[in-house]
Amino acid sequence: MLTYTASRIGQTIIVLLIISFIAFLLVANLGDPLSALLSADATVAERAALIKQLGLEQPMLSRFASFLTNFLQGDLGTSYRTQEPVAKLIVERLPATVELAFVSLIFTIFVGIPAGIFCGVNPKSPISRGIMLFSITGITLPNFVVGIALIAVFSVQLAILPSFGRGETVSLGFWSTGLLTVSGWQAIILPAITLSTFQITFIIRMLRTQLMEVGQSEHIRFARARGVPETTIWFHYAVKNTLLPVITMLGLQLGNIIAFSVVTENVFAWPGLGSLFLQSIQAADIPVIAIYLIFVGAVFMIINLAVELSYPLIDPRVLRRK
Amino acid sequence: MSNVTLPSAAAPRTFRSSFFRAMRNAPGPTFSALVILALALYAVIVPMFAVNPFELSGMSVLDAFTPPFWMADANPDFPLGADDQGRNLLTAMAYGLRTSIIVGMLSVLIGLVVGGTLGLVAGFVGGRIDALIMRFADVQLAYPALLLAMIIDGASRAVLGNERSAGTAITIVVVSIGIAFWVQYARTIRSSVMIERDQDYVSAARITGRSNIGIIFLHILPNVMAPVLVIATINLGIAIITEATLSFLGIGIPITSPSLGTLIRNGNNFLQSGEWWISIWPCLILVFFVVAVNVLGDHLRDIYNPRLRLRS
Chain S
1 MLTYTASRIG
11 QTIIVLLIIS
21 FIAFLLVANL
31 GDPLSALLSA
41 DATVAERAAL
51 IKQLGLEQPM
61 LSRFASFLTN
71 FLQGDLGTSY
81 RTQEPVAKLI
91 VERLPATVEL
101 AFVSLIFTIF
111 VGIPAGIFCG
121 VNPKSPISRG
131 IMLFSITGIT
141 LPNFVVGIAL
151 IAVFSVQLAI
161 LPSFGRGETV
171 SLGFWSTGLL
181 TVSGWQAIIL
191 PAITLSTFQI
201 TFIIRMLRTQ
211 LMEVGQSEHI
221 RFARARGVPE
231 TTIWFHYAVK
241 NTLLPVITML
251 GLQLGNIIAF
261 SVVTENVFAW
271 PGLGSLFLQS
281 IQAADIPVIA
291 IYLIFVGAVF
301 MIINLAVELS
311 YPLIDPRVLR
321 RK
Chain W
1 MSNVTLPSAA
11 APRTFRSSFF
21 RAMRNAPGPT
31 FSALVILALA
41 LYAVIVPMFA
51 VNPFELSGMS
61 VLDAFTPPFW
71 MADANPDFPL
81 GADDQGRNLL
91 TAMAYGLRTS
101 IIVGMLSVLI
111 GLVVGGTLGL
121 VAGFVGGRID
131 ALIMRFADVQ
141 LAYPALLLAM
151 IIDGASRAVL
161 GNERSAGTAI
171 TIVVVSIGIA
181 FWVQYARTIR
191 SSVMIERDQD
201 YVSAARITGR
211 SNIGIIFLHI
221 LPNVMAPVLV
231 IATINLGIAI
241 ITEATLSFLG
251 IGIPITSPSL
261 GTLIRNGNNF
271 LQSGEWWISI
281 WPCLILVFFV
291 VAVNVLGDHL
301 RDIYNPRLRL
311 RS
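Sequences listed follow chains S and W, in order. For the first sequence, position 222 (counting from the first letter as 1) is numbered 222 according to full-length UniProt numbering, and the numbering increases by one without interruption. For the second sequence, position 3 (counting from the first letter as 1) is numbered 3 according to full-length UniProt numbering, and the numbering increases by one without interruption.
Hints in this document: simulated from the structure, not taken from any laboratory. Mixed in with the good hints there might be a few duds.
What the hints assert, rightly or not - So the derived label-pair ranges between C-beta atoms look like this:
hint, chain 1, residue 1, chain 2, residue 2, range
1, S, 173, W, 159, 37 to 45 Å
2, S, 164, W, 159, 45 to 53 Å
3, S, 309, W, 209, 32 to 40 Å
4, S, 70, W, 161, 26 to 34 Å
5, S, 309, W, 48, 57 to 65 Å
6, S, 160, W, 161, 40 to 48 Å
7, W, 201, S, 22, 50 to 58 Å
8, S, 42, W, 212, 53 to 61 Å
9, S, 57, W, 161, 24 to 32 Å
Claimed, not checked - Far from chain W, some chain S residues (derived; all Cβ distances over 12 Å):
hint, residue
10, 44
11, 62
12, 94
13, 147
14, 152
15, 285
16, 304
17, 313
Said to hold, decoys possible - Among the chain S residues that face chain W by a calculated CB cut under 7 Å, a handful are:
hint, residue
18, 10
19, 12
20, 15
21, 289
22, 300
For every residue, glycine included, the Cβ atom is placed at its ideal position computed from N, Cα and C.
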C-alpha cells in the first residue's frame, strides 16, 4: 500500500509538472509582457530593467525553474490587464467562489443524495419516474439556460430574489463573506441552484444505477432471507457499497463543475474566480490564464488522488484484494 | 414454384428493416429523430428564402421589440417577435441554428479524425509512442471541453489580437472544441485496436503483404467504428452546448455570424425589462435540439453497446 501511495503521488507530481510547463510555455511565448507592462513612453533603461527583473534574458529551462520557485513562494506573476499581482487578484476573488461552491455542495448533499437513494430503492414508483425525467433535463440543459430560466421566473416575474451580485458582504479581515447578511443569502440562492443542478442530477443518476445493481447482489438477497428489515438493508448494506463508484465518478466530473462555475458566475455577475478567468480570456491576459490552468489541474489531480487513496477507508476490502 | 414461400424468420435482416423495428419499439427516440429532422430542415430552408437579419437590410429599427403574435402590438410579419435591432426572430434563429449545427458537426469531425488517428497509432504500434500519447490524454482529462475551449480561445487572442474576423473566430471555436474531444476517441479506438490487432484477419492481411498503414485503415478501422459513432452522436450534443456557452460568454462566435448562443447573450440584456422573447425562444430551440440529439445518442448507445449485447 505504501509503495502504491508513493507511486501515485509521484505520478501526480509529474503530471502537475507537465501542466505547469505548458502554462509556463503559454506565458513565455504568447503575448508581449514588455508592451503589456511598460507604458508607451518608457525609456530604454526602464525596458532593460524590466527584462532583467522578469529574467527574460535567461535560457528557457532556468526561466521555468524560476517560474516554479516563484510559484511555490506565492509569486504568481503580474496581470497584463490590471498590472496587479495575480496572487492578489485571486485572493480577492476566492471567497465568492468558495462560498458559492460550498452552498451548492450543501444543496447537492441534501437534495441529490436523498432523491438518488429514493430512486434507487423504488425505481418503479411514479415519483422516481418524475425525478428521473427532471434529471434528464437537468443533465442536458446548458448551465446558462438554467440560470436564465431561474432569473426569468424568480427575479423578473416574481421579483423575490436578486439576479446579480453578492449582496452585502461582511469583511472578516482576510475573508469577505456574504453568508452573514440577509441580502447575501438571497443573492447566493439562484447561482447556487444553477451550479448545483448538474451535480444533483448527476448524483441522482449514479446513485440510482448503483443501488439497482447492488440491490441484486447476493449479500442483499441473503440479508432479505434472514429477515433483516428493508430500511436496514438499504441504508446499512446497500448505500455503503455505492459510495465508492459514486465518489469516484463525482471526482472525475470536477473539471466540469469548475467550468460550470465560470458560466454561472457570468450569468449572475458573481464576483468570483470564474468571472476573473473570463475577463482574463477576453483581455488575453496570459499570466492569469496560465495560473488558472495550473489551478484547475492541481485541484483536479489532488482531489482525485485523495479519492483514490481514501478507498481503503471507505471500503476495507480494497486492501484485502491486493 | 409459386407455392414456395420463405418463412418470415428467415427474411434477410437488412439494416433498414432492423432500424425501423427499433424505432417502432422506441417512441422517444423516434420522436427525437423527427424533432432533429424538423429543426435541421428549418435551419437549412429558411436561410434560403429569408433576408439575412444580420445584414443591414435585414434590420428595421422601427420594428424593434415587436412582441410575439399573441401579445398586444404584435406584427404578423414577426410571428415570434423581433429583437432590439428589429431582427425577425423566426429567421434569425434559423441562421443561428444553422451556425450551431455546422460548428457542432465540424468540431466532432475534427475530434474524430485527430483522436481516431492517434488511437489507431497508439493501439497498433504500442510501446513508447502509445505511452506518450496516452499520458498526454491523461493530462487533458482534467480539462473538460468547455474549459479547454476557453483556454485555447484566450491563448489564440494573445497570438492574433482581439480584432479577429468572423471566419477566424469560428475556426478557433471549431478547432478548440474538436481538440477537446480527441481523448475519448483515442481511448476507445486504442482499446478496440489492441483487441483487433491480434485477430487472425490482421495476420492474414499481413501475410498478403499489406503495409501497416493499409492494415490500420482498411482492415482494423472498419471493425472499431461502431462505438466511435455512438460517442460522436453524444459529442454532437456536447459540442453544440459548448459552442452556445462560449458564444453566450462572448468568447465564441461573433454577433455578425450569429449562433444560438449569441442570440441568447443579446436577449439576456432585455430579460429584466420584460422583453423575454428575445432570449427565451433561442433557449427553447437550443434545448429541444440538444435534448433530441442526446435521447437519440443514448438510444444508439444502448443498441450498439457491446457489453449490453454480450449480456443478452
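Here is how each hint holds up against the structure:
no. : hint                         : verdict
1   : S/173 with W/159: 37 to 45 Å : holds (41 Å)
2   : S/164 with W/159: 45 to 53 Å : violated (33 Å)
3   : S/309 with W/209: 32 to 40 Å : violated (51 Å)
4   : S/70 with W/161: 26 to 34 Å  : holds (28 Å)
5   : S/309 with W/48: 57 to 65 Å  : holds (59 Å)
6   : S/160 with W/161: 40 to 48 Å : holds (44 Å)
7   : W/201 with S/22: 50 to 58 Å  : violated (41 Å)
8   : S/42 with W/212: 53 to 61 Å  : holds (57 Å)
9   : S/57 with W/161: 24 to 32 Å  : holds (26 Å)
10  : 44                           : holds (25 Å)
11  : 62                           : holds (23 Å)
12  : 94                           : holds (18 Å)
13  : 147                          : violated (9 Å)
14  : 152                          : violated (6 Å)
15  : 285                          : violated (8 Å)
16  : 304                          : violated (8 Å)
17  : 313                          : holds (24 Å)
18  : 10                           : violated (13 Å)
19  : 12                           : violated (11 Å)
20  : 15                           : holds (6 Å)
21  : 289                          : holds (5 Å)
22  : 300                          : holds (4 Å)
Checked against the numbered hints listed earlier, the structure breaks hints 2, 3, 7, 13, 14, 15, 16, 18, 19; every other hint is satisfied.
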